[in-house]
Amino acid sequence: MTADLDEFRASVRDWCRTHVPADWRTAQTGVSEAEFAAFQQWWFAELRAAGYAVPHWPSEWGGGLSAAEQVVLYSELAVADAPRLVLAFVSIHHAAATLLAAGTDEQRRRHLPAILDGEIWVQGFSEPEAGSDLASLRTTARRDGDRYVVNGQKLWASGAMHADWCLLLARTDPTAQKRRGISYFLMDMRSPGLDVRPIRNAVGESHFCEIFLNDVVIPAANLVGPENAGWQVAQQTLGAERGMTMVELAERLGNAGFRWLVEACTRQGTVGDSLVADRLAAFETEITGLRALCRGLVDRHEAGTAGPADASIVKLYYSELLQRMTDFGVEIAGLPAQAELTKPASSGWESGAWMLDFIGSWEWTIPGGTSEIQRTIIAERGLGLPRAPAA
Amino acid sequence: MTAATATVGADDELAEIRAELRAVSRDLLGKVNPGTAVGWRQLADADWLGLEVPAALNGAGVTFAEVAVILQELGRAAAAGPYLGAIALGVGTLRELAPSPGRDQLLKQAASGQTLTVPVLTDGADAPWYGSGGSSASSGVPFRLERTSDGLRLHGHASFAPDAAEAGRLLLLATALPGSAPPPDSGASQDTGARQGDGAPADGATPVIVDVDPSANGLAVSAQPVLDATRRLALVTADGVQVDEASVHRFDADPTAAIGRLLDRAAVAIACDSLGLSEAMLDATVAYAGVRQQFGRPIGSFQAVKHACADMLVQISVARGLVDAATQAVAAGTPDASVAASMAKSYACAAAVEVAGKAMQLHGGIGYTWESGIHVYLKRAALNRSLFGSPTAHRKRLAARYNQTDGWRSSTIPA
Chain A
3 MTADLDEFRA SVRDWCRTHV PADWRTAQTG VSEAEFAAFQ QWWFAELRAA
53 GYAVPHWPSE WGGGLSAAEQ VVLYSELAVA DAPRLVLAFV SIHHAAATLL
103 AAGTDEQRRR HLPAILDGEI WVQGFSEPEA GSDLASLRTT ARRDGDRYVV
153 NGQKLWASGA MHADWCLLLA RTDPTAQKRR GISYFLMDMR SPGLDVRPIR
203 NAVGESHFCE IFLNDVVIPA ANLVGPENAG WQVAQQTLGA ERGMTMVELA
253 ERLGNAGFRW LVEACTRQGT VGDSLVADRL AAFETEITGL RALCRGLVDR
303 HEAGTAGPAD ASIVKLYYSE LLQRMTDFGV EIAGLPAQAE LTKPASSGWE
353 SGAWMLDFIG SWEWTIPGGT SEIQRTIIAE RGLGLPRAPA A
Chain B
24 MTAATATVGA DDELAEIRAE LRAVSRDLLG KVNPGTAVGW RQLADADWLG
74 LEVPAALNGA GVTFAEVAVI LQELGRAAAA GPYLGAIALG VGTLRELAPS
124 PGRDQLLKQA ASGQTLTVPV LTDGADAPWY GSGGSSASSG VPFRLERTSD
174 GLRLHGHASF APDAAEAGRL LLLATALPGS APPPDSGASQ DTGARQGDGA
224 PADGATPVIV DVDPSANGLA VSAQPVLDAT RRLALVTADG VQVDEASVHR
274 FDADPTAAIG RLLDRAAVAI ACDSLGLSEA MLDATVAYAG VRQQFGRPIG
324 SFQAVKHACA DMLVQISVAR GLVDAATQAV AAGTPDASVA ASMAKSYACA
374 AAVEVAGKAM QLHGGIGYTW ESGIHVYLKR AALNRSLFGS PTAHRKRLAA
424 RYNQTDGWRS STIPA
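Protein chains in written order, with my numbering: chain A, 3 to 393; chain B, 24 to 438.
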C-alpha cells in the first residue's frame, strides 16, 4: 500500500514537472477577470485530463482516488507550487457534495458531468440581514404549480459574475420556525430577473457579488431534498468537504507560504536574528500542527468518527494562523511589501505579496462562519457547554 | 502487498494495545489524587514498567508509543512517581547501550519493578544540547570519567535530575577521557569503530554511561525541592567516585546520535505529560462552567467563557497532533524525530501553561485556592515547560535549519 502511494506520488510529481507552467505567477499577476477565468478553465481541464480535478468524487462520476492518494496529490501540487482551483471551488466541492448527498439521479446526471466540462457554481446563502445568523434569511420562494417564484437579495456570492448555476437557500414557509421553513434550490444564473453586482472588497478585488432576485422562476425539479428541509441539506454538506479542502490549504501554507516567509527573512538579512528565528520556528511548528489536524479530520471522516466541532476547529485554527502568518510577513518584509500592488491571480492565500495576503486573510476569519461563530460551535457542540438562554 | 498487509495488521494490533492501555490506565490513575503516586508494584503487575523491555528479558517488547500513552495518563492525573525517570528514560537509556549481561540484568529488573534505574543525561540548569546543534559530543555532558593511577574516577554534577533521588541505580552520562573508555568489543557491533567515529569529538573523548550505586563513596544525591510538589528532582554530585570497568557502558551506536535520541525521547515524554494535564484541565473547566451559576445561569453559557474553552480545545487539538507525530517518530527512530520532538515539546508545553492558567481563571476565586488543586497542574505545567529544553531552546534548534539549504523543507508529518 505504501509502495503504491510512493508510485502515485512519483507520477503526480512527474506530471507537475511537465504541466505546471514555470512562469504562471508572473503571467497571472495583474490580469483581468476574463483572463483569470480563462486561465482557471484551462488549468481545470489540464487537471481533469490527468484525473486530478475531482479526485474526491466517486469513481462512477470521474473521481475515485483514496483519501491517502488525495492527500499525496494536494501535497505534491503544493510542493510544485501549482495554480489553485479557485473558480471551480464551489462547483467541485460544495455543489458536488450537495448533489451527491441530497440530489436526485436526474440532478446528478445533469450537473456532475457538466461541472467536469467547466460549469461554474456560486453559493447563494448569505443575505444583508442573514450573516452569522444565516437561518434568518428572508429571500422567499413561492410555490406556483410546478415551479417556484423567488424574490430577495443574496450577498457575498463569491464569483457570481462567472457562475452558470447557484446553490440557493430561500424561505418556502414564512410561518414555520426559522430553520424549518427553508428550501434548497439549484438556480440557473441565466434566469430572467437576476441582477449580479460585484462588490469591491478590502483588497480591492471584486469577486464578491450581490445577487438581486426579482420574480426569478425555478422549476420544482430543481429543489434539492424535500421542501422546507433545506437547512438540513445545507448542514449536511457544509462541513462535508472541509477535511480535504483544508488539507490542500494547509499544504499550501506549509510549502510555498512558509518558504516565502523564510526567504523574505533571508532577503532582509534577519533570518539569523534570534527574535525572527523564534517566530519562524513557532510558525513552522503551528503549520505542522495544522497539517496534522487536517489529516486527522480526513481520517476521522473516513472512519466515521469525526466529532461535531472538528471542522470548526480546523477552520478557526487555519484562519487565524493564516492571519498571524501574513501579518508577520508584512512586518518582516518591510516597506517593499507595501509597494506590491498586485498579486498573482490563481495563487493561494499566501502568495508572498504579504500586504495583500494579510488584508485578504479576513476573507477567512469572517466568511463561512466567523471565528466567533466557530468558537461558539466548538464550545457548544464540541464541549457540550450550555447554550445562552433565548433573549 | 502481503508484507504491506502484515504491517497494517501489526499497526492495528498496536493501536488496539494503546486503546486498551489508555482505558485501563485512565481508570486506575483516575482513582489517585493529584500529587500521589500509584504503587510501583501495581504498575509492575499491570506490565507498564517493561513495555519497551524486550520479551526475552521478561518485557512486553512494544514501543515508546505505548509508553507515551501511560505518560499522557500520568500527566492527566498529575501523578507522582518515578515512571518518567526509571521507565521512559531509564529503559530508553538501557536500550541504547551495547548489550551486556549487566545491561540485560538492569532491563529485567526495570520490568519487574525490582530496581529503579534512573539516567542523568543533562544538567537541568543548562541544556546546551538544545542550543544550535550541540555538535561536540562532550558539550553538555554532565559528568566526566578519568583514569587515574588507582583506577577510574567519576567527577561532575547535574541539577534538577528527575527521579534521581529515588533511584536504586544511577546511569550517569559521562565523557570518557582517552584511556578511560572501555575498549570496543571485538564483536560485530563495534567492529571497526566506524559507528563510533562520527560521534567521537576531536579530543578523543567518548560519551559513555556509567552505572553507579547512589550510595557510593564520593557520590551525593540530594532532593531539590521545587514548587511543583508532584515531581522529585535531585542534585547529583560526583567527586572522584571510584568506578569499576564493568560499570562503564558504551552506547551501541554512534554516541552523539544515541544521546540525541535520548534527549528527544525526554522532550517528547514531557510533552506527553503536558498534553495529558491540559486535557484534564479542560475537562475540569468545562465541568465546572456547566454547573457554576452566576447571574442566574451557568457561567459556561456566557460567550466569554465559551470562547476561552474553545481556544483551550483548539490548542489541545494542535498539541495532540504534534505529540502523536513526535511519539511515532521517536518510536520508529526516524531521522526527523528531533524536529518533531522540538515542535511537540515547544508547543505542547507552552500550551499546557496557557490551558492550566485559563483553567485557574475560569474557575474564579475557587480556582485560586489551594484546595481546588488547579495550582498543582499549573505548577507541573510550568515545570514541564522548563524541563529538557524550554520552548525557546527548542525553537532555536528548529530555526538552525533555516540557514541550511533545503534543510527545513522536510516535513515531520509523513505525507
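Honestly, I wouldn't trust all of these hints.
[To be verified] Across the chosen pairs, the derived CB separations fall in these ranges:
hint : chain 1 : residue 1 : chain 2 : residue 2 : range
1    : B       : Gly388    : A       : Ala392    : 51 to 57 angstroms
2    : A       : Glu131    : B       : Asn426    : 49 to 55 angstroms
3    : B       : Asp34     : A       : Gly309    : 21 to 27 angstroms
4    : A       : Arg302    : B       : Leu250    : 37 to 43 angstroms
5    : A       : Gly66     : B       : Thr59     : 38 to 44 angstroms
6    : B       : Val47     : A       : Gly64     : 19 to 25 angstroms
7    : A       : Ala52     : B       : Pro358    : 53 to 59 angstroms
8    : A       : Ala29     : B       : Asn426    : 50 to 56 angstroms
Everything labelled a hint here was simulated from the structure, so no lab data went into it.
We put the CB at the ideal spot given by N, CA and C, even for glycine.
Going through the hints against the structure:
1. Gly388/B - Ala392/A: 51 to 57 angstroms: violated (30 angstroms)
2. Glu131/A - Asn426/B: 49 to 55 angstroms: Holds: the Cβ-Cβ distance is about 54 angstroms, inside 49 to 55 angstroms.
3. Asp34/B - Gly309/A: 21 to 27 angstroms: Given a distance of about 23 angstroms, which is inside 21 to 27 angstroms, the answer is holds.
4. Arg302/A - Leu250/B: 37 to 43 angstroms: Holds - the Cβ-Cβ distance for Arg302/A and Leu250/B, about 39 angstroms, lies within 37 to 43 angstroms.
5. Gly66/A - Thr59/B: 38 to 44 angstroms: Violated: the Cβ-Cβ distance is about 55 angstroms, outside 38 to 44 angstroms.
6. Val47/B - Gly64/A: 19 to 25 angstroms: With a Cβ separation near 47 angstroms, Val47/B and Gly64/A fall outside 19 to 25 angstroms, so the hint is violated.
7. Ala52/A - Pro358/B: 53 to 59 angstroms: Taking Cβ atoms as reference, Ala52/A and Pro358/B lie about 32 angstroms apart, which means the hint is violated.
8. Ala29/A - Asn426/B: 50 to 56 angstroms: Given range 50 to 56 angstroms: violated, Cβ gap about 32 angstroms.
Checked against the numbered hints given earlier, the structure breaks hints 1, 5, 6, 7 and 8 and satisfies all the rest.
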